[in-house]
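Visitor: Sequence:
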Amino acid sequence: MEDTIILYPTPGMGHLVPMVELGKLILTHNPSFSIIILITTAPFDTGSISSYIKRVTVATPSVHFLHLPTISPPSTTSSDNIAALAFELPRLYNSNLHHALQTMISQKSRPRASIIDMFCNSSFEVFTSLDIPTYYFCAFGASNLSALLSLPKTHQILLQKNKDPNTSIEFPGVPPIPTPDLPGPFLDTEGIAYKSLFGTAINMYGVFKAEQLTEMAIGVLLVEEMKVALALEQSENRFVSADELEKRVRELMDSVSGEGVRERVRAMRDCAKAAICDGGSSRVALAELVESWKDG
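In our numbering, the protein residues as written are 15 to 310.
No lab work stands behind these hints, which were simulated from the structure alone.
Be aware that a few hints might be false.
Capping the alpha-carbon separation at 25 angstroms, the derived lysine to any residue pairs in SDA-like fashion look like this [claimed, not checked]:
hint: 1; residue 1: Lys-167; residue 2: Ile-183
hint: 2; residue 1: Lys-167; residue 2: Asn-135
hint: 3; residue 1: Lys-308; residue 2: Met-118
So the derived label-pair ranges between C-beta atoms look like this [stated by the list, open to error]:
hint: 4; residue 1: Glu-265; residue 2: His-81; range: 46 to 52 angstroms
hint: 5; residue 1: Pro-192; residue 2: Lys-68; range: 41 to 47 angstroms
hint: 6; residue 1: Ile-85; residue 2: Ser-269; range: 52 to 58 angstroms
hint: 7; residue 1: Lys-167; residue 2: Gly-272; range: 33 to 39 angstroms
hint: 8; residue 1: Ile-119; residue 2: Thr-42; range: 36 to 42 angstroms
hint: 9; residue 1: Pro-83; residue 2: Arg-276; range: 49 to 55 angstroms
Heads up, the beta-carbon is just placed ideally off N, CA and C, and yes, glycines get one too.
Let the hints inform the model, and build the full structure from the sequences given.
Guide: Here it is, written out as C-alpha coordinates:
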(Lines of atoms letter the chains of each structure in order from A and count residues from 1; the text may use other names and numbers.)
(Lines give C-alpha, C1' and ligand atoms only; values in the text may rest on other atoms or scores of the structure.)
Protein backbone atom coordinates (compact mmCIF):
# COMPACT_ATOMS: atom_id res chain seq x y z
CA MET A 1 0.00 0.00 0.00
CA GLU A 2 1.47 3.35 -1.08
CA ASP A 3 1.49 6.08 1.55
CA THR A 4 0.25 9.34 0.09
CA ILE A 5 -0.18 12.91 1.31
CA ILE A 6 -3.00 14.88 -0.30
CA LEU A 7 -2.54 18.61 -0.90
CA TYR A 8 -5.61 20.61 -1.92
CA PRO A 9 -5.07 24.22 -3.08
CA THR A 10 -7.67 26.50 -4.59
CA PRO A 11 -7.23 27.47 -8.26
CA GLY A 12 -4.51 29.89 -9.23
CA MET A 13 -0.74 29.95 -9.36
CA GLY A 14 -0.49 31.92 -6.12
CA HIS A 15 -2.12 29.06 -4.23
CA LEU A 16 -0.60 26.19 -6.21
CA VAL A 17 3.09 27.13 -5.91
CA PRO A 18 3.18 27.26 -2.07
CA MET A 19 1.47 23.86 -1.92
CA VAL A 20 3.98 22.37 -4.36
CA GLU A 21 6.88 23.74 -2.33
CA LEU A 22 5.31 22.31 0.83
CA GLY A 23 5.07 18.95 -0.90
CA LYS A 24 8.76 19.09 -1.81
CA LEU A 25 9.67 19.85 1.81
CA ILE A 26 7.61 16.89 3.01
CA LEU A 27 9.51 14.64 0.61
CA THR A 28 12.85 15.79 2.05
CA HIS A 29 11.76 14.28 5.37
CA ASN A 30 10.20 11.14 3.93
CA PRO A 31 11.06 10.41 0.27
CA SER A 32 8.89 7.29 0.37
CA PHE A 33 5.72 9.38 0.51
CA SER A 34 3.81 10.10 -2.67
CA ILE A 35 2.43 13.65 -2.89
CA ILE A 36 -0.87 14.06 -4.73
CA ILE A 37 -1.96 17.63 -5.46
CA LEU A 38 -5.62 18.01 -6.38
CA ILE A 39 -6.34 20.49 -9.17
CA THR A 40 -9.68 22.22 -9.67
CA THR A 41 -10.76 24.65 -12.36
CA ALA A 42 -12.28 28.03 -11.56
CA PRO A 43 -14.98 29.70 -13.68
CA PHE A 44 -12.80 32.80 -13.82
CA ASP A 45 -9.35 33.42 -15.26
CA THR A 46 -6.59 32.28 -12.90
CA GLY A 47 -3.84 32.05 -15.51
CA SER A 48 -2.33 28.98 -17.11
CA ILE A 49 -0.66 26.41 -14.86
CA SER A 50 -0.03 23.69 -17.46
CA SER A 51 3.63 24.46 -18.16
CA TYR A 52 4.36 24.81 -14.44
CA ILE A 53 2.79 21.43 -13.68
CA LYS A 54 4.84 19.81 -16.44
CA ARG A 55 8.08 21.24 -15.05
CA VAL A 56 7.30 20.06 -11.52
CA THR A 57 6.32 16.59 -12.73
CA VAL A 58 9.64 16.20 -14.56
CA ALA A 59 11.77 17.64 -11.75
CA THR A 60 10.00 15.89 -8.85
CA PRO A 61 8.45 12.57 -9.96
CA SER A 62 7.04 11.89 -6.48
CA VAL A 63 4.73 14.90 -6.84
CA HIS A 64 1.63 13.98 -8.81
CA PHE A 65 -1.26 16.15 -9.99
CA LEU A 66 -4.83 14.87 -10.09
CA HIS A 67 -7.36 16.99 -11.97
CA LEU A 68 -10.84 16.70 -10.51
CA PRO A 69 -13.66 16.66 -13.11
CA THR A 70 -14.75 20.20 -13.89
CA ILE A 71 -18.06 21.36 -12.44
CA SER A 72 -20.48 24.05 -13.59
CA PRO A 73 -20.60 27.12 -11.33
CA PRO A 74 -23.99 28.05 -9.88
CA SER A 75 -25.92 30.52 -11.99
CA THR A 76 -26.71 32.52 -8.85
CA THR A 77 -23.05 33.15 -8.03
CA SER A 78 -21.61 36.26 -9.62
CA SER A 79 -18.11 35.85 -11.02
CA ASP A 80 -17.52 39.45 -9.94
CA ASN A 81 -17.43 38.36 -6.31
CA ILE A 82 -14.20 36.41 -6.58
CA ALA A 83 -13.71 35.97 -2.81
CA ALA A 84 -17.16 34.44 -2.34
CA LEU A 85 -16.74 32.20 -5.37
CA ALA A 86 -13.31 31.05 -4.17
CA PHE A 87 -14.95 29.71 -1.00
CA GLU A 88 -17.99 28.33 -2.82
CA LEU A 89 -16.00 26.44 -5.47
CA PRO A 90 -14.54 23.74 -3.15
CA ARG A 91 -18.03 23.01 -1.80
CA LEU A 92 -19.25 22.41 -5.34
CA TYR A 93 -16.32 20.05 -5.91
CA ASN A 94 -17.03 17.98 -2.77
CA SER A 95 -18.81 15.19 -4.63
CA ASN A 96 -15.96 14.81 -7.13
CA LEU A 97 -13.45 15.06 -4.30
CA HIS A 98 -15.17 12.29 -2.33
CA HIS A 99 -15.20 10.04 -5.39
CA ALA A 100 -11.49 10.68 -6.07
CA LEU A 101 -10.52 9.88 -2.48
CA GLN A 102 -12.58 6.70 -2.46
CA THR A 103 -10.87 5.63 -5.69
CA MET A 104 -7.43 6.19 -4.13
CA ILE A 105 -8.37 4.12 -1.10
CA SER A 106 -9.81 1.30 -3.23
CA GLN A 107 -6.57 1.21 -5.22
CA LYS A 108 -4.60 0.72 -2.00
CA SER A 109 -3.18 4.24 -2.00
CA ARG A 110 -4.18 5.15 1.52
CA PRO A 111 -3.80 8.89 2.25
CA ARG A 112 -1.85 9.39 5.48
CA ALA A 113 -2.92 13.03 5.75
CA SER A 114 -4.41 15.88 3.79
CA ILE A 115 -3.44 19.55 3.83
CA ILE A 116 -6.03 21.98 2.52
CA ASP A 117 -5.99 25.62 1.49
CA MET A 118 -7.89 27.96 3.80
CA PHE A 119 -10.42 28.53 0.99
CA CYS A 120 -11.15 24.78 1.01
CA ASN A 121 -12.76 24.80 4.45
CA SER A 122 -15.91 23.16 3.06
CA SER A 123 -13.89 20.08 2.06
CA PHE A 124 -12.82 19.36 5.65
CA GLU A 125 -15.75 17.04 6.35
CA VAL A 126 -15.14 15.11 3.13
CA PHE A 127 -11.63 14.19 4.24
CA THR A 128 -12.53 13.47 7.85
CA SER A 129 -15.53 11.33 6.83
CA LEU A 130 -12.97 8.99 5.26
CA ASP A 131 -10.76 9.08 8.38
CA ILE A 132 -8.07 11.15 6.69
CA PRO A 133 -6.28 13.49 9.17
CA THR A 134 -6.68 17.00 7.81
CA TYR A 135 -4.64 20.17 8.32
CA TYR A 136 -5.09 23.75 7.13
CA PHE A 137 -2.31 25.56 5.29
CA CYS A 138 -1.87 29.31 5.61
CA ALA A 139 0.79 31.05 3.54
CA PHE A 140 -0.09 34.65 4.32
CA GLY A 141 0.99 36.99 7.12
CA ALA A 142 0.31 36.24 10.76
CA SER A 143 -1.52 39.55 11.25
CA ASN A 144 -4.14 38.31 8.79
CA LEU A 145 -4.27 35.05 10.70
CA SER A 146 -4.87 36.93 13.94
CA ALA A 147 -7.87 38.70 12.40
CA LEU A 148 -9.28 35.46 11.00
CA LEU A 149 -8.93 33.52 14.23
CA SER A 150 -10.64 36.28 16.18
CA LEU A 151 -13.70 36.44 13.92
CA PRO A 152 -15.91 34.32 16.19
CA LYS A 153 -15.25 36.82 19.01
CA THR A 154 -15.57 39.96 16.90
CA HIS A 155 -18.61 38.79 14.93
CA GLN A 156 -21.16 40.71 17.01
CA ILE A 157 -19.02 43.85 16.88
CA LEU A 158 -18.84 43.59 13.10
CA LEU A 159 -22.61 43.22 12.91
CA GLN A 160 -23.03 46.42 14.91
CA LYS A 161 -20.34 48.54 13.31
CA ASN A 162 -19.89 47.44 9.72
CA LYS A 163 -22.36 50.02 8.42
CA ASP A 164 -20.89 52.94 10.36
CA PRO A 165 -18.02 54.65 8.48
CA ASN A 166 -16.92 56.52 11.60
CA THR A 167 -16.00 53.47 13.70
CA SER A 168 -13.01 51.12 13.84
CA ILE A 169 -12.68 47.41 14.49
CA GLU A 170 -10.01 46.08 16.86
CA PHE A 171 -8.57 42.62 16.26
CA PRO A 172 -6.10 41.15 18.79
CA GLY A 173 -2.76 42.89 18.41
CA VAL A 174 -3.76 44.71 15.23
CA PRO A 175 -4.05 48.51 15.25
CA PRO A 176 -7.69 49.68 15.04
CA ILE A 177 -8.90 49.38 11.46
CA PRO A 178 -11.45 51.94 10.20
CA THR A 179 -14.55 50.06 9.11
CA PRO A 180 -14.41 51.31 5.48
CA ASP A 181 -10.85 49.94 5.21
CA LEU A 182 -11.82 46.36 6.04
CA PRO A 183 -11.64 43.82 3.20
CA GLY A 184 -14.94 43.25 1.43
CA PRO A 185 -15.57 39.75 2.88
CA PHE A 186 -15.37 41.16 6.43
CA LEU A 187 -18.15 43.64 5.68
CA ASP A 188 -20.55 41.19 4.06
CA THR A 189 -21.35 39.20 7.20
CA GLU A 190 -24.02 37.20 5.39
CA GLY A 191 -21.76 36.31 2.49
CA ILE A 192 -20.17 32.94 1.74
CA ALA A 193 -16.62 34.25 2.17
CA TYR A 194 -17.25 35.67 5.65
CA LYS A 195 -18.98 32.52 6.88
CA SER A 196 -16.08 30.41 5.62
CA LEU A 197 -13.29 32.34 7.39
CA PHE A 198 -13.14 30.13 10.47
CA GLY A 199 -10.12 27.84 10.43
CA THR A 200 -6.51 27.80 9.30
CA ALA A 201 -2.96 27.07 10.39
CA ILE A 202 0.38 28.78 9.87
CA ASN A 203 4.08 28.05 10.10
CA MET A 204 6.20 30.58 11.99
CA TYR A 205 9.84 30.38 12.93
CA GLY A 206 10.66 30.43 16.61
CA VAL A 207 11.93 34.01 16.93
CA PHE A 208 8.49 35.11 18.19
CA LYS A 209 7.23 34.62 21.72
CA ALA A 210 4.04 32.58 22.13
CA GLU A 211 1.95 35.61 23.05
CA GLN A 212 3.03 37.39 19.88
CA LEU A 213 1.44 34.71 17.75
CA THR A 214 -1.94 35.87 19.00
CA GLU A 215 -1.06 39.56 18.81
CA MET A 216 0.53 39.97 15.40
CA ALA A 217 -0.02 43.41 13.90
CA ILE A 218 0.98 45.02 10.66
CA GLY A 219 1.72 48.43 12.18
CA VAL A 220 2.35 47.65 15.85
CA LEU A 221 4.56 44.63 15.25
CA LEU A 222 6.60 45.73 12.24
CA VAL A 223 6.97 49.42 13.06
CA GLU A 224 6.78 49.75 16.84
CA GLU A 225 7.84 46.40 18.30
CA MET A 226 10.11 44.74 15.74
CA LYS A 227 11.19 48.08 14.26
CA VAL A 228 11.76 46.62 10.80
CA ALA A 229 9.55 49.06 8.89
CA LEU A 230 8.79 52.75 8.60
CA ALA A 231 5.19 53.92 8.81
CA LEU A 232 3.76 55.66 5.75
CA GLU A 233 1.23 58.46 6.14
CA GLN A 234 -1.83 57.94 3.96
CA SER A 235 -4.21 60.53 2.59
CA GLU A 236 -7.93 60.39 3.33
CA ASN A 237 -8.53 58.33 0.18
CA ARG A 238 -5.92 55.75 1.32
CA PHE A 239 -3.25 56.78 -1.19
CA VAL A 240 0.39 57.43 -0.32
CA SER A 241 1.76 60.53 -1.99
CA ALA A 242 5.00 60.54 -3.98
CA ASP A 243 6.45 63.09 -1.55
CA GLU A 244 5.67 60.85 1.43
CA LEU A 245 7.20 57.83 -0.27
CA GLU A 246 10.34 59.79 -1.20
CA LYS A 247 10.64 61.04 2.36
CA ARG A 248 10.51 57.54 3.84
CA VAL A 249 12.92 56.10 1.26
CA ARG A 250 15.44 58.83 2.08
CA GLU A 251 14.92 58.18 5.79
CA LEU A 252 15.51 54.48 5.25
CA MET A 253 18.65 54.96 3.15
CA ASP A 254 20.29 58.08 4.62
CA SER A 255 19.38 58.40 8.30
CA VAL A 256 20.63 56.80 11.50
CA SER A 257 17.14 55.45 12.21
CA GLY A 258 17.03 53.97 8.70
CA GLU A 259 20.34 52.19 9.27
CA GLY A 260 18.88 50.71 12.44
CA VAL A 261 15.90 49.41 10.47
CA ARG A 262 18.19 47.84 7.87
CA GLU A 263 20.29 46.16 10.54
CA ARG A 264 17.23 44.66 12.20
CA VAL A 265 15.91 43.45 8.84
CA ARG A 266 19.22 41.70 8.20
CA ALA A 267 19.02 40.09 11.63
CA MET A 268 15.48 38.86 10.95
CA ARG A 269 16.62 37.52 7.59
CA ASP A 270 19.32 35.51 9.32
CA CYS A 271 16.78 34.18 11.84
CA ALA A 272 14.51 33.07 9.01
CA LYS A 273 17.38 31.33 7.22
CA ALA A 274 18.40 29.58 10.42
CA ALA A 275 14.85 28.33 10.97
CA ILE A 276 14.76 26.45 7.67
CA CYS A 277 18.30 25.04 7.85
CA ASP A 278 19.07 21.59 9.25
CA GLY A 279 18.23 21.68 12.95
CA GLY A 280 16.26 24.92 12.59
CA SER A 281 12.92 25.31 14.36
CA SER A 282 10.76 25.18 11.22
CA ARG A 283 12.66 22.21 9.83
CA VAL A 284 12.34 20.34 13.14
CA ALA A 285 8.62 21.13 13.45
CA LEU A 286 7.91 19.82 9.95
CA ALA A 287 10.02 16.73 10.60
CA GLU A 288 7.98 15.96 13.71
CA LEU A 289 4.73 16.37 11.77
CA VAL A 290 5.90 14.08 8.96
CA GLU A 291 7.11 11.53 11.51
CA SER A 292 3.63 11.46 13.05
CA TRP A 293 2.21 10.54 9.64
CA LYS A 294 4.75 7.74 9.23
CA ASP A 295 3.81 6.29 12.60
CA GLY A 296 0.18 6.91 12.10
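Visitor: Is 33 to 39 angstroms a correct range for the gap between the Cβ atoms of Lys-167 and Gly-272?
Guide: 38 angstroms, holds
Visitor: Is 36 to 42 angstroms right for how far apart the beta carbons of Ile-119 and Thr-42 are?
Guide: 26 angstroms, violated
Visitor: Is the Cα-Cα distance between Lys-167 and Asn-135 25 angstroms or less?
Guide: 19 angstroms, holds
Visitor: Is Lys-308 within 25 angstroms of Met-118, Cα to Cα?
Guide: Answer holds: Lys-308 to Met-118 is near 18 angstroms, not above 25 angstroms.
Visitor: Quick one: are Ile-85 and Ser-269 within 52 to 58 angstroms, going by C-beta?
Guide: With Cβ atoms ~56 angstroms apart, the hint holds.
Visitor: Lying within 46 to 52 angstroms: is that true of the beta-carbon distance Glu-265 to His-81?
Guide: 50 angstroms, holds
Visitor: Between Lys-167 and Ile-183, is the straight-line Cα distance small enough, at 25 angstroms or below?
Guide: Judged against 25 angstroms, a Cα distance of about 12 angstroms means the pair holds.
Visitor: Just to be sure I understand the hint, the distance between the Cβ atoms of Pro-83 and Arg-276 should be within 49 to 55 angstroms; is that true here?
Guide: Holds: the Cβ-Cβ distance is about 51 angstroms, inside 49 to 55 angstroms.
Visitor: Could you see if the CB distance from Pro-192 to Lys-68 stays within 41 to 47 angstroms?
Guide: 46 angstroms, holds
Violated hints amount to a single one, hint 8; each of the other numbered hints is respected by the structure.
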